[in-house]
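**Student:** Listed below are the residues making up each chain.
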Amino acid sequence: MVIERIRKRRNPKKLFGDIFAYLLLIFIAVICAGPFIWLLLSSLRVGANIYSLDFKLSDFSLENFTGVISYMNLPMYVGNTVIITVAAIVLDVVFSAMCAYPLAMMDFKGKNIIFGTLVATMIIPAAAGMIVNYLIISKLHLLNTFLGVILPSSVKAFSIILMRQAYLGVPKELVEAARIDGAGELRTWAQIMVPGIMPSISTIIIFDFIGNWNSFLWPIIVLQDPNKYPLATALQYLNGSFSYKFGYVAAGTIISIIPVLIVFMVCQKNYIEAVSGAVKG
Amino acid sequence: MRTKTATMKTRRTINAYGFMAPALILILVFTIIPIIGSLILMFYDYSVLGTTKFIGIKNFVKAFQDRVFLISIKNSVLFVIVVPIIQILSILLAVLVNRNLPGMNVFRTLFYIPVVTSMVAVSIIWGFIFDSNGVINNFLQNAGIISMPLGFLSSKFGAMPCIMFITVWQGLGYYMMMYLAGLQGIPGELCEAARIDGADSLKVFTRIKLPLLKPYIWFCSLNSVISAVGVFDVVFVLTKGGPNNATMVINYYSYTKAFSDFQFGYAAAIGAVQAIVTTLLSITVFAYGKKGGMTNGD
Chain A
498 MVIERIRKRR NPKKLFGDIF AYLLLIFIAV ICAGPFIWLL LSSLRVGANI YSLDFKLSDF
558 SLENFTGVIS YMNLPMYVGN TVIITVAAIV LDVVFSAMCA YPLAMMDFKG KNIIFGTLVA
618 TMIIPAAAGM IVNYLIISKL HLLNTFLGVI LPSSVKAFSI ILMRQAYLGV PKELVEAARI
678 DGAGELRTWA QIMVPGIMPS ISTIIIFDFI GNWNSFLWPI IVLQDPNKYP LATALQYLNG
738 SFSYKFGYVA AGTIISIIPV LIVFMVCQKN YIEAVSGAVK G
Chain B
322 MRTKTATMKT RRTINAYGFM APALILILVF TIIPIIGSLI LMFYDYSVLG TTKFIGIKNF
382 VKAFQDRVFL ISIKNSVLFV IVVPIIQILS ILLAVLVNRN LPGMNVFRTL FYIPVVTSMV
442 AVSIIWGFIF DSNGVINNFL QNAGIISMPL GFLSSKFGAM PCIMFITVWQ GLGYYMMMYL
502 AGLQGIPGEL CEAARIDGAD SLKVFTRIKL PLLKPYIWFC SLNSVISAVG VFDVVFVLTK
562 GGPNNATMVI NYYSYTKAFS DFQFGYAAAI GAVQAIVTTL LSITVFAYGK KGGMTNGD
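Just so you know, the sequences run in chain order A and B.
Under the numbering used here, the first residue of the first sequence is numbered 498, with each subsequent residue one higher.
Under the numbering used here, the first residue of the second sequence is numbered 322, with each subsequent residue one higher.
It is worth saying that the hints were derived from the structure and are not from the lab.
Heads up, none of these hints are tricks.
For lysine-lysine, the following BS3-like pairs were computed, each having C-alpha atoms within a straight-line distance of at most 25 Å:
1) Lys477(B) <-> Lys561(B)
2) Lys374(B) <-> Lys636(A)
3) Lys383(B) <-> Lys395(B)
4) Lys524(B) <-> Lys535(B)
5) Lys379(B) <-> Lys395(B)
6) Lys524(B) <-> Lys511(A)
7) Lys606(A) <-> Lys669(A)
8) Lys330(B) <-> Lys608(A)
9) Lys330(B) <-> Lys606(A)
10) Lys725(A) <-> Lys561(B)
11) Lys524(B) <-> Lys510(A)
12) Lys395(B) <-> Lys477(B)
13) Lys561(B) <-> Lys395(B)
14) Lys608(A) <-> Lys669(A)
15) Lys725(A) <-> Lys636(A)
16) Lys330(B) <-> Lys669(A)
17) Lys561(B) <-> Lys383(B)
18) Lys561(B) <-> Lys742(A)
19) Lys725(A) <-> Lys742(A)
One chain only, chain B, in its complex shape (with noise of 0.2 Å):
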């Protein structure tokens, strides 16, 4: 008898191992053994001329004395300021198309549009809107406000500003419709109990509605940091890092360490830093979520 269960059990087993094989093999290949890759790869010196060679920590060191890269850690970290705005823009967004208004679809999804919508295409328009001709200079120019164009993308202060303003545009309709559905699973008495004792539209937002939005506050928030983190297409389609390193972002860098310099070791050291500092903004997110009671689970 207990051999019979015993078999049953080891053939259940394959069968779940046949079920499971395409799709584990695939994942195996493609995503675990490439992160266990990198942290083995970050400790060599591998480009495609030339041998391979343990180095150990030299990657590191030689990135702590490279320039760029330094300059790349600090745009990046300064990037994350997108990270508050977005979220306070879009809880503010969400609270006004949770309104019960007529028509209110309809702006909910034209909100969304630039979510589903390519970087790559979304990158071209704005590209269009902030080029030195583009649709802004001519507009100020022949309205007679400004004489010369201004170089959004083209000057080394107006270039990260304008990466921002179009990543904030393009992530807005996202956490919207995330906190949309926060506000949504918010009980209607609630919120009338409140109206009734006398509280008014701000203090049942400040009072009731923020802190049971703070479970989404904190995941988006940290969605929101992962992304900044490692903010790509917008950067490789309109400005290449420049002007002058301006917007030399860190998941830039190693890309172009990697696939320019064929320097595939140090890009992935780079890589390596680039988790690191993601970990620590979630982390400080995480923490900051904890002391403010924003999970709800204690």
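Looking at chain A on its own, in the form it has when it is part of the complex (with noise of 0.2 Å):
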């Protein structure tokens, strides 16, 4: 009863500041994505002034985009795009998966030496073993090489953490039956643990997907053929060579966009709960 009053007095209050809530999120969400659908109107016209906010639909064309396909060898790049992020994601998914098994399920010499050195390399920003880690891939002649821009970066201490903690979820009775049926290591991890662990596999495709589509700066140090260069290195290239050519510039950028994005929208759910689950584990 005394909750229903304060209720019905605070009504006109809360309606009030629903609609005060909503003006606000339109206007965070006009500069949040504003910035983008401008970036899409731009691209999608020929002629006018590139930076008036003046749109005409007679302006609208996608020339743009088949000029920035034809003109910049648009499926070139992303060609280069896919083969390096499904392999550096194969590779995280498969030897991350390796490695996390025996971490979970054995006991054996050494194991909190090597959870532990695992934890601390992922405290240790990327950055600060650049230039060595150029040297090395040097040194390997891997330099221009899509080898030299994928190994790196391709096994995440992050994700042997995470299929680890899967691992342990995984029911232990399927486990003993696997090895009373007389299967081998290799056999109960391939046919029990790995079809147990799908969720947080498909948690790190996600996380992978989006690091390694988006990662520029290491390919620009490994790679010295443009050629080889994946979207976001040669659109930093064509930024800088053809800035003059905007209408292009804002095509080949929307472009590298939508696949990140379809990808995010499709997964939200589940990326959002492994971003924000990192704080609680």
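Work from the hints to combine the two standalone chains into their complex.
**Tutor:** Structure follows, in structure tokens:
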């Protein structure tokens, strides 16, 4: 009763509060998403003053998109990005899943040291080792190769620790049953454990996809041939060399953003839970 | 019997290392060796051309006589102002999107889009907006508010605030989601009880929600400090440290020393100073957090 009375008294105030909240939300949405919408509209028009906010329907065309695809050889850069991204994801998922298995399920010498070292490497930012990494890649004769781009950042301690946590949640009876049936470690891992941690694997795939698709600095350092650049790096290159072709740069930027946006929208729930779960973990 | 258990244990250990080998080798070669390597490299005069020789702390002596390096430290420390700005704004934003209103998920998604977009794309977009012929200048000139274009990124005083603004803009969504998770972990009855006792929304926020968010504030601030001292991408794409070193930050300076001037030893020494600055600032956050009871553990 008391609660009801309080609610009633607050009602007009609450309505006012809701309207104010929506106004604030719309204002912030304009600040956050506005620049993307402006870029999309600008990439779709030709001829007009590129910086004017005065959009006319007659100016709209797909010319910038067809232009940047043929002129800049965009399919090649998309291909490079796909190769780098897919290879890095496969390496991370397979090797991390293997590495996390004994850390979760087996008892062996040096386990604590290895686990502690992995956690420690997570705290140190990747930039700290960049210079020596470059020298190592150069000594291994991997400069100007995709492998040189992919290997250093492929396997992540974060993925290993996430999957170790997931393995601990797989029912022990399943593992025991497989052992009794005479399955070796490799079969137990591949047929029982890996299917048991699929949700974590999908989280890692999303993280790796976004991270690798967007990475641009390491590829610039390792690759000397611009024809091997991934999309983000090529975009930076295009922006530097052809900034007068504004429409092309805008269209290229839109094309580079779309795959990440689609993956994010589709996997949103899973992704956000994983991001915010990091504090609790 | 004992030998049997011993061999079994040995076999298990071999098995375990077999599983871990590929990942551990990659992490050893590309993460651990590089970190140890840069700790050694900073005491050497190492460049692609010329000879390599041990020079002790000379790289550090050189650094502290290097005017641009000192400017870069000053700028990086100044840049850390973005940390409290991001944290305060994202807490407020989290409170806003925590309201139970129809369509809230759409807004949360919109606020998060800048986070998943590459820094290159983000920098290109804001570059166009801030350009001296860009969107803002065009708008202001057409409206007759200014007659001469304002040089946002090209002016000594404008460039740094612009870089900071873009960083805040891109970081907000990420920390908002963190704090939202924190807010949703607070039991609803707690706030309801306080309201019945006559507390208004402001009181509920400052007395109940904020104290319970402390572990999140601590974690986010620490993360934010580390990435603020390491700011790189946006500087690389938009200003290259200019104009006149106004946006020269420590991470970008280290990069130019290594990959433009090929002074790898010197660059490693600068990197070490960056690590020290990061650690000092992290300790500050940590000490402040301890004093304010930001960890819920004790």
